[in-house]
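Participant: We have chain A already, so just place chain B on it with the hints.
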Amino acid sequence: MTAAGVAFAVAALAGLGTALPAEALPGVPGLSACSVSSMGPGAPYYAVELVPTGRVPGTRRARGAATISYAHSPFGLSVTPDGEYVYDLHVEFSGLPSTSGDFVVWVTKADLSEVNAVGRLDGEQKIEARVDWNKFLVVVTLEAATEPLGETWNGPIVFRGMSRSGRMHTMAGHGPFQAEPCSKYGY
Amino acid sequence: MRNATLPVLLVLASGIGGVVLAQQMQGMDHGAHAEDTGELIWRMPPMDPNMPMLPGIMGALPPVGPLLPGFGIDPMDYPPARPREILDLADGDEITFTASVVRRMIAGKHYLMFAYNGQYPGPLLRAPTGATVVVNFVNEIDMPTTVHWHGLRLDNRFDGVPEVTQAPVLPGGTFRYEVRFSDTGVYWYHPHMREDVQQDLGLYGNLLAVPPDPDYYGEVHREEFLILDDILIDERGIVPYGDVAPTHSLMGRFGNVMLTNGATDYRLSVQRGEVVRFYVTNVANARTFNLTFGGAPIKVVASDLSKYEHEVWTGSVPIAPAERYVVEVQFDEAGMVPIENSIQAIDHFRGEFYPHVDLLGQVEVGEDVVERDLSEAFGHLRENDDVAADLANYRRYFEREPDHELELALEIGDLPLTIIQSMEFEKGLYVPPVEWNDTMPMMNWLSTGEQVRWILRDRATGRENMDIHWSFQRGDVVKLRIFNNPDNLHPMHHPIHVHGQRYLVTSMDGVANANLVWKDTAIVPVASTVDLVIEMTNPGDWMVHCHIAEHLHSGMMLSFSVE
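In order, the protein sequence lines correspond to chains A and B.
Numbered according to the working numbering, the first sequence spans residues 18 to 204.
Numbered according to the working numbering, the second sequence spans residues 770 to 1332.
One chain only, chain A, in its complex shape (with noise of 0.2 Å):
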């Protein structure tokens, strides 16, 4: 298996894992139910775990990962003009349900003061696109199938994630707290 299919396979385990206890996942030594599939060893350090809602029948059961490399550049790694690096987005799901809507993916920033649409899922149930911000969000909600997109989005929310660089320790934040199971916050 690849590096990629370690961390989309253990990315899937978390997912499916927030109906379990927290409690470890079996086989993935080091991770609790709610852990991050990022953290796990071998796992990609940037990679972005989709957590389900809950809020769509049958969701919960799906498998999600987000993975982000840097765009082509000429320095190896990628920033724009003002210093955010430039990531090329990959996000890739198995096991959706047929609904009558479409899966739409978007990025936002962390503030939710911008957002982009990525687009709808295709029939592999994958999706592209470049971001470039240095802290986002990934929301994955479901939309009407005949309706275009708007400015935001409109349906429910299905899956969400957040970058690695949301985890940025802050001496009152969330720092030493991270392990501690997301049962706690209702999720």
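By construction, these hints were calculated from the structure, which means they are not laboratory data.
Treat the hints loosely; a few may be bogus.
Residues from chain B that face chain A, not an exhaustive set, calculated with beta carbons under 8 Å [claimed, not checked]:
(1) Asn-1059
(2) Pro-1107
(3) Ser-1111
(4) Phe-1122
(5) Pro-1255
(6) Asp-1278
(7) Asn-1284
C-beta: ideal position from N, C-alpha, C; glycine also.
Facilitator: Just chain B now, kept in the frame of chain A:
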């Protein structure tokens, strides 16, 4: 050296005195200062006043003494340094090169610093590709030194690595270097001893290997050389260095005053429509710049040892220490164009990125239109068939399994407990791919190579740093995979320099590089895996190391030989 995962031991160690608590700092205003009484002692590095300090490190000092060459001497007793001169050289020419103490003026204040031939930066040595020039070096500074001719594939005896290729040049000593301008491109020279001090104080300069073909690059109106640097200065002068070991070993010594060609007021005057080719070199100890030209499109032409396969447009040039880029810019609007370092800095206490811009210089674009219009040539991106033809010989190595794998790692010893605790909060959460700014100046300042060990680890043997010695045959093409392991207390990017050879960065994080260029230094971001294909053509004993000066001195180097 203990492993950083032993916090209990670290608690004990920090209490015992790995770091000196500074009762002697009584009466300091933001740090001790005894220069008035003729004694050099530590004072705290300048910090952003908005950045709160961890209470446990208030008053702590590095566990080494302070060092400031020329301390106590009136700068006015020394001759002023003068701007760089260009030495046009031919094959067989012989020059004298003297490292000495000079007086420099930075932002209106005088400082004692170092210079080659009394110039800042050192003289630009310009010679035809393939030429060999004899440089008779004289050391007139009060420290042992050498000169490393960064990037040139010259004879191993002249690589300037102390105790590997030569004995240090002691104060008053001399050394005869034969400098071969091996490959067309821009290079630089600097000491390979206590770079954190000597290079930081001004010992650096460029070399240009002039292409044999006048059409090697596109047509431009002029060529300029930009050497980017920074220096750490407070109201009392240059902040001292560590005496027996560098300070700032965690992140490297970031300066707070930006220097372009050694000055804070770099200015270039051009006519409207001029196309300028900039040879850009980063000589900073630690800072990676993100260079912009007022939003103008930048054409990326070449890097360390060659042109790219094809030219590309970009909006900025991220350049790590020791890298070089050759870029072209057209200035088509009258007015002032800022040259800036434009980054997203990090405020760890708030857990936020924030935009930060440093002015590096200005280009004054006149109203008069330049006589020859090169807009059409500038607007065209060239495909470099000569580069592609050269690369065709190496592509078969790209997909094969690596010959060697390195892991970049860190061990931390007896830093103050508060620093360890702070970094433990951070561990496993998020560290940015690149540290563009010093996010923790006090913590960084307190760390020395006695407490911090940066590591190149051979994944096959477990050997580390100078316990690694690889052997190759001349003509070998070696694939090296480097993984910058984030699983430590403070992962950081590393610009990895290979001496005496050239290499290609063939992929990053499994994504193939579609536009190759020959390099000698390339950045490995945190958590990234980078594949290098190195052509071993130059016999001798050589080094691989991180080019953050303080990381190098914290052990991050290995050796290899080519028979």
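Participant: Each hint needs a verdict: does it hold in this structure or not?
Facilitator: A quick look at each hint next to the structure:
1. Asn-1059: holds (5 Å)
2. Pro-1107: Violated - the Cβ of Pro-1107/B stays beyond 8 Å from chain A, reaching only about 12 Å at its closest.
3. Ser-1111: This hint holds: Ser-1111/B lies near chain A, its Cβ roughly 5 Å from the closest one there, short of 8 Å.
4. Phe-1122: Where the cut-off is 8 Å and the nearest Cβ of chain A is about 5 Å from Phe-1122/B, the hint holds.
5. Pro-1255: holds (5 Å)
6. Asp-1278: The hint holds - Asp-1278/B has a Cβ within 8 Å of chain A, the shortest such distance being about 5 Å.
7. Asn-1284: holds (6 Å)
In this structure, the one hint that does not hold is number 2.
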